[in-house]
Amino acid sequence: MSFIELNKISKIFKDSQRQTETLALDDISLSFEKKEFVCLLGPSGCGKSTLLNMIAGFEHPSSGNVKLDHHLITGPGADRGVVFQQPNLMPWLPVWDNVAFSLKLKGVNKKQRQEAAQQYIDAVNLTGFEHHFPGALSGGMAQRVGIARALLQNPAVILMDEPFAALDAQTKLEMQEELVTIWQKYNSTILFVTHSVDEALILGSRVVIMTHRPGKIRDDLKIDLDRPRDVTSNQFNELKRYVLEVIREEAKLAREEQQTQTISH
Amino acid sequence: MIKLLATRGWTAASRFYFPALLLCLWESLSRLGYLPPALLPAPSRVLLTWGDWIFGYDESAQDISGRWLGDALASCLRVFTGYSIAALIALILGVAIGWWRWVEKTIEPTIQMLRPIPPVSWIPLAIIWFGIANKPAIFLVFLGAFFPILMNTIHGVKTVNRDLLRAAAMSGAKQSQLLRFVVLPAAMPSIFAGLRIGVGSAWMLTVTAEMVAVKSGLGYSLWDSYYFLRYDLVIASMISIGLLGFLTDLLVKTLMGRLLRWQHTLTVQGARP
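First to last, the sequence lines map onto chains L and U. Residue numbers for the first sequence follow my numbering, beginning at 1 and rising by one. Residue numbers for the second sequence follow my numbering, beginning at 1001 and rising by one.
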C-alpha cells in the first residue's frame, strides 16, 4: 500500500440554478509514496486543485475514496499541512502564534508553543520576526509563515496549492530553493499544484500532468535530474519541451471543445 | 508656509487653544452684558457653582452642595451595569445570529422590529415594571447600548474571511474552537465599533432616565436645577455628563487599542487612542 492513495476518484459538480452537471474529475487513480515531491500540472480548470482539496478534506469525491497512510480521509485535520495560495494567517496573532496555531487548539501552553514554533520559524528563515504581526510582513515572508505552520502540523504530508503564484519572480526562485531544502531536511511528502511547467520541473521528483476537463491523468513523469536543478541544461530543456507540448495539446483540445459546445448550444 | 506652521507649531497644548478662545469670548460677552445671566450664565459663574457642587465651599449650589461625587457615581454605576449586561448579551446573541442561520431566521425579525422603537418610549413600562429607582435607568441604558453592539457584532461575524476558517479547520479546529479562536477575534474591530457607539447611547439614556424615573444622579440634578431656574447648575451638569462620557469612551478606546494592536500596520490611523 502506498502512503497516499486516490482510488477511482470522480467528481461531479452540480449547478442547481442551471440544472447542469459537470464532470470535473473522471475516474482518477493515483498513489504517492513517502518522500515524493509530486507536482500536479495541468491546464486551468482541469481539476488539479479539486484533487488537492480532496486530500486536504475540503471536498469529497462523488465516487471513489482517498486514503492517507491506510486511513480514509473524511474531512480537514491537523495530520496534513496545507499551504494555500494566499497565506491565510490570523492577522491578530504574531508569527509564532500563527505557526503553532494547531497546538493552541490542542490546549498546549504558551511556552511550549513558542518553543515548538521556533524550530520551524528558523527553518523558513524568519528568525527575528517571531513577534511581528502578519500585516507587517511582505508576501514572501507571509507565505513562509504558512509553510512553517504546515510543517509544524505534520512535516510528513504537505499539500500546496499554487503557493508561490502571487509572488514576484525573484522571491519565487528563492522560495523554490528553500522549499527543496525543507523537503530534504524533513523527509516530507509534498503535493504541489502548479500551472507553471518551469516550477514543476525545478521542484518535482515526479510530475503528474492532467488532461483538460474532465480531468484524467495524461502523463506521469519521474524526474531524475540532479539538484539543484540547472534550468539551462539540455536535459531540463528537453523535458520542458516535451511537457510544454503536452500542455499545449491539452489546452488546444479544451478550447476546441469549448467552441463546439458554444456552437451546439 | 501656513502648512509648515500648522505642522511644526502643533504641540500637546494646541488642543486647548480653540476651547480656551471660545470660553474667553463667552466670558467677555457675559461681562459686557450682551448675554443675560438668566439665559446663559458666564463660565466663571458655572465654574464656581460647579466647584461648590463638587467640594461644597460656599453653598452656591444650595442643597446639592458637595454632593457631585455621589451623583456622578450613581450615574456611572447605572451606565456601567446597563452597559455591561447589554455588551454581554449582545455579544453572545450577535455571534449566534451571525454564525447559525437558524438562529438568525428565528430571532432576527423580532429584534429588527424592537430596534426602531426609541428606548425612551419604554419609560412608562419601565416605571410600572421597576418603580422609581436604579432599575428603570439600567433597563433603558441596556436598551440603548444593546442594539448598536448587537448589529455590529452580527456584521463582524458575517464578514469573517472564509479562508481563515478553512485554514483553522485544517489545523484541527472544531466548531466551538472556530468561534473562539477565529470568528471572535476576527469580528473584534466591528464589535468595538459597536461598543463605542453603545457607550454614547448609554450616557444619553442614563441622563434621560434620571430626569424622569430616578431621584439621583447627574440627570436628576440637571432637571431639578431647571425647576429652580439654576442655569449655571444645568450647564455644570451638562459639562459633567460630557466629561464622564468622554472618559468612558477613552476607556473603551484604550482597551480597543490594546486588543487591536495587530491592526496598526494595516489601517490609516490604526486603533491608537
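Please keep in mind that the hints were generated in silico from the structure rather than gathered at the bench. Where a beta carbon is used, it is the ideal one built from N, C-alpha and C, also for glycine. Among these hints, one or two may not hold up.
[Said to hold, decoys possible] Pairs of lysine-lysine, DSSO-like flavour, derived with a Cα cap of 27 Å: (1) Lys1174/U with Lys104/L; (2) Lys1135/U with Lys104/L; (3) Lys1174/U with Lys67/L; (4) Lys1253/U with Lys106/L; (5) Lys1135/U with Lys106/L.
[To be verified] Pairwise CB distance ranges (calculated): (6) His60/L with Trp1100/U: 29 to 35 Å; (7) Pro1118/U with Gly75/L: 57 to 63 Å; (8) His1264/U with Leu173/L: 28 to 34 Å.
Now for the hints, and whether the structure bears them out:
no. : hint                                : verdict
1   : Lys1174/U with Lys104/L             : holds (12 Å)
2   : Lys1135/U with Lys104/L             : violated (42 Å)
3   : Lys1174/U with Lys67/L              : holds (22 Å)
4   : Lys1253/U with Lys106/L             : violated (32 Å)
5   : Lys1135/U with Lys106/L             : violated (43 Å)
6   : His60/L with Trp1100/U: 29 to 35 Å  : violated (23 Å)
7   : Pro1118/U with Gly75/L: 57 to 63 Å  : violated (48 Å)
8   : His1264/U with Leu173/L: 28 to 34 Å : holds (32 Å)
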